[in-house]
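Peer 1: Line order of the protein sequences matches chains A and B.
Letter by letter, the first sequence follows residues 1 to 255 in my numbering.
Letter by letter, the second sequence follows residues 1001 to 1283 in my numbering.
Quick caveat, the hints were computed from the structure, so don't treat them as lab data.
C-beta atoms are modelled at their ideal positions from N, C-alpha and C, and glycine is treated no differently.
Incorrect hints may appear among the rest.
[As the list claims (entries may be wrong)] One side only, chain B facing chain A, incomplete, derived with CB under 10 Å:
#1 A1020
#2 G1021
#3 P1037
#4 F1041
#5 E1042
#6 L1043
#7 P1118
#8 V1123
#9 R1124
#10 F1279
#11 H1282
[Unchecked claim] Computed, partial: chain A to chain B, Cβ under 10 Å:
#12 K17
#13 I74
#14 V80
#15 S117
[To be verified] If you want the footprint, here are the derived chain A segments under chain B, 3+ residues with CB under 8 Å:
#16 61 to 73
#17 87 to 99
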Amino acid sequence: MNVIELTGVSVRYRERKIRSLKEALVRGLKHPKARLVHSLDDVTLAISHGEAVGIVGPNGAGKSTLLRVAAGIIAPTEGVAVSRGSVVPVLSLGAGFEAELSGRENIFFNGALLGCSRAHMRARLDEIIAFSGIEAFIDAPIRTYSMGMVARLAFSVATAIEAETVLLDEVLAVGDAAFRRQCEARIERFVRRGATVVLVSHELEAIETNCSRTIWIASGRIEADGPTAEVLARYRLATGSIGREPRQKTVQAPV
Amino acid sequence: MDHFSAATALGGFVERRNVAGRPLRLTDEIRDIARQPSLLFELVHRDLTVRYKRSFFGFFWTMLHPLFLMLIFVVVFSNLFRFATPHYETYFLSAYVAWNFFAQTVVNVMTGVAWNGPLMKRVRVPLSIFTLSATLSGLVNLGLSLLVLVGIMGITGVPLRPALFFLPVSLLLLGLLTLGVSLALTAVSIFFGDVREMVQAGLPALMYLTPVIYPISVVPERFRWLIQLNPLVSIIEIVRAPIYSGTVPPVHTVMIATFVSLGSLALGWMVFRHMAPRFHAHL
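With the rest of the complex left out, here is chain A (with noise of 0.2 Å):
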């Protein structure tokens, strides 16, 4: 069973947006074409159940618009995207956290946002404020802490949800060597307990040990798909990086 299929998926958006009703009645009239940007362009895949996919590609390729669309977050401006069963994006640590909040109350609300009930959170609390390693700060709000902090406590929650696919978008990039280990290894514990993973990361390591299959994106369109090996020494060659790309990609702040 294919938990994720996309069939001729392309998202635009406009070059120049607009922002207001008065810009609207403006700018509507004197160009009725605007110039579109695409962010993917007519991209067909399938992930079946229980699969181990990677994601590799340049910063803008499209690899988070590729996820959102998976995740029905944002719908396709054409073609199809499908998803079966629980799925949960993991998109930037700390989108779903309210800076008012308690640590312990972000726990339960971000729960909620993944899909997950307060009974099913209560459960679980233990572990996660464990596993986040800031049982100290855990009542001050999350105003109040780092960014590394933020990270820990978001990635300890996401992926104590136990979805049947989850889709991790370069989660690996913050944190120290000692986070990041976690991290790697309750990824590996995702694929062990049969859960399909989606792994957009720059750590081609990562991609390596976790994922049989990758997918290569350049500028919105299906670069190479197949067995890890073969993508990224292509991959490699094709960017001449031997290890792990420069990391670049920025951090969203905590909302």
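Assemble the complex: chain A is given as a structure, and chain B must be docked to it using the hints.
Peer 2: Just chain B now, with coordinates in the frame of chain A:
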């Protein structure tokens, strides 16, 4: 630990199809909201607690605000203008709490776009749930304001009459009307940022065009039809009647109010469902 326990906890298997250019479907949206009652609860909880945490008087601000306004209006209107309305404070407050709920909610959903926008882009949730939760938190605040009003009625000697049992119906219709307007304004303000300013500028004018602070009888006969065109009039009336007059509102007023609130909801949802698939490009 059973790995798929979460899936069953979520209510079983779902297939989601996102077809380009297709507006949201009501059945999908209701299913998604119903599947996650905890999300709705958490959003309302967040709306209420964060709001109170941020303000100095906290929880009491919701009550202080109408009380303070009531003082002003009671002084200005019952003493200076002499409307000769007995128990003016109850007369005014019974309509003002309803108006305040409407106006506050409409503004809150639009300012909430900045707050919830990042969530709409990063988490898969039914998009209308933020508007729904803001309306529900507004209703909670309205309930608290009504408690204050009951206190004031006790002090000033206005009796509580059995017609109050009709009030939940009035509040339901008020809630549906507000939800409809809020859905439309959420969608439009995501596309056009200046709509919020326009609405905020227009709301005070709308309040004076609605018989909230004055009885409709002070409007000259020949202009009264104009005021009657305001869809809020019948809604305000059915909230006020059971509290202030202690009567169940006349059937034709209830029918107009029902028509107005269901119409608003249908229209608001139509606007929302067509605009929602393109929200992400504007957030």
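Peer 1: Each of the hints needs a verdict: does it hold here or not?
Peer 2: Status of the hints after comparison with the structure:
no.: 1; hint: A1020; verdict: holds (5 Å)
no.: 2; hint: G1021; verdict: holds (8 Å)
no.: 3; hint: P1037; verdict: holds (8 Å)
no.: 4; hint: F1041; verdict: holds (7 Å)
no.: 5; hint: E1042; verdict: holds (4 Å)
no.: 6; hint: L1043; verdict: holds (8 Å)
no.: 7; hint: P1118; verdict: holds (4 Å)
no.: 8; hint: V1123; verdict: holds (5 Å)
no.: 9; hint: R1124; verdict: holds (5 Å)
no.: 10; hint: F1279; verdict: holds (8 Å)
no.: 11; hint: H1282; verdict: holds (7 Å)
no.: 12; hint: K17; verdict: holds (7 Å)
no.: 13; hint: I74; verdict: holds (4 Å)
no.: 14; hint: V80; verdict: holds (5 Å)
no.: 15; hint: S117; verdict: holds (4 Å)
no.: 16; hint: 61 to 73; verdict: holds (count 5)
no.: 17; hint: 87 to 99; verdict: holds (count 7)
Violated hints: none; the structure is consistent with every hint.
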